[in-house]
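Chains U and A, in that order, give the protein sequences.
So for the first sequence, our numbering puts the first residue at 423; every next one is plus one.
So for the second sequence, our numbering puts the first residue at 142; every next one is plus one.
None of these hints come from the bench; they were simulated from the model.
Among the clues, some could well be false.
Quick list of the computed label-pair ranges, beta carbon to beta carbon [stated by the list, open to error]:
no. : chain 1 : residue 1 : chain 2 : residue 2 : range
1   : U       : Ser-425   : A       : Lys-190   : 17 to 27 Å
2   : U       : Ser-433   : A       : Lys-190   : 14 to 24 Å
3   : U       : Gly-468   : A       : Asn-158   : 30 to 40 Å
Just so it is clear, CB atoms sit at the ideal spot from N, CA and C, and this is done for glycine as well.
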Amino acid sequence: MSSNWCLQPPSAFDIVTAYFPESNPKGELRLRPCLVLDVFESEDGGEFACRVAYGTKHIKFVQRKGLDLIIQNAADLDMLGLPYATRFALDDDCYADLPWTPEFFGPWEGYPSPAISFLPEEYQKEYAYIMMLRSARGM
Amino acid sequence: MSALLKEETRVDVRPVNRFPAEVYNAHDDVTPEAVRVIRERADERLAGKKWKKIDGVGKRNVI
Chain U
423 MSSNWCLQPP SAFDIVTAYF PESNPKGELR LRPCLVLDVF ESEDGGEFAC RVAYGTKHIK
483 FVQRKGLDLI IQNAADLDML GLPYATRFAL DDDCYADLPW TPEFFGPWEG YPSPAISFLP
543 EEYQKEYAYI MMLRSARGM
Chain A
142 MSALLKEETR VDVRPVNRFP AEVYNAHDDV TPEAVRVIRE RADERLAGKK WKKIDGVGKR
202 NVI
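Isolated chain A (complex conformation) (with noise of 0.2 Å):
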């Protein structure tokens, strides 16, 4: 069955002492103006290098 007609389940009934509490800490959407703040520190790293792309399923085979 795909996941798309699968019977949804809403109701959550596991334990949530089950995760370490820091998982629930990430509460922003995500935004563009966000990402591009990782983007910008992340560009700095992987300025300077050339990479090939081993795994994946993205449109793009370079960074």
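Next comes chain U alone, as it looks inside the complex (with noise of 0.2 Å):
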């Protein structure tokens, strides 16, 4: 599979595909959906990282409405091209900077690149309004 995809960089509220540990079988690496935060370039050119905060389908509408964000109308996942409902967890320690390379990103199979879609407006506003209560509630 060609990696020419790391020479574009992602957009901010692209999501991507990226590596994740399961744990069964312990620490084996399978690519699950992210939401880019942020993206970085080397100071020297030519190398890019990003934020992202991973993706998980549990959901935990509850428990963590307000707190993450959720994804789980069809209509939207289809758009997005997400597989099933997904909560993208938004806790300081849940995202992680990674290097925008195969060792840390990949496409599914058949898919040119890990870059799936763009998160749509009315999400990135979501996003904003929960990062608002974060930052309200000190977190």
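Using the hints, build the complex out of the two chains.
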């Protein structure tokens, strides 16, 4: 699989697929959707990294509503290319700064790039609202 | 209509084979412990370079 996608950085609010360690088998890396929050370029140029919030299908709606970005409307999932209802975990200890390389990102089989879709404005506003709530709570 | 107010359609009627099988292989919840494993690996790759933010909405401007 070509890794030419590394040359083109993602954008903030892109949804991309990144590797995440599973517990069974322990430590096995598998791709899952992530939300890109920030994009960085090395000062000497040519290399990129991004801060991502990992997605999970463990929605925990009651506990996490207003804390994480939850997408579960079927039409929206379809538009975003997400295979299942997804919660993007926004806690400070649940994001990661990752080099935009095949070691950390990869496309699902049959996809040309890890980039799946772009978060629409209504969800960007919801993200901003959640972050405002978090800030007001001192989180 | 905001995403929060939109009527939820929780029954997903899309064909399962619309996606490759591997998309259903990520089972674990996101935990700080698992994220720490990835962070440590990534920090090794990011160290030694200076990074500037070129896009984003987060509160930190540097890695």
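Each hint tested on the structure:
no., hint, in the structure
1, U/Ser-425 x A/Lys-190: 17 to 27 Å, "holds, 19 Å"
2, U/Ser-433 x A/Lys-190: 14 to 24 Å, "holds, 21 Å"
3, U/Gly-468 x A/Asn-158: 30 to 40 Å, "holds, 39 Å"
Hint check: no violations occur; every hint is consistent with the structure.
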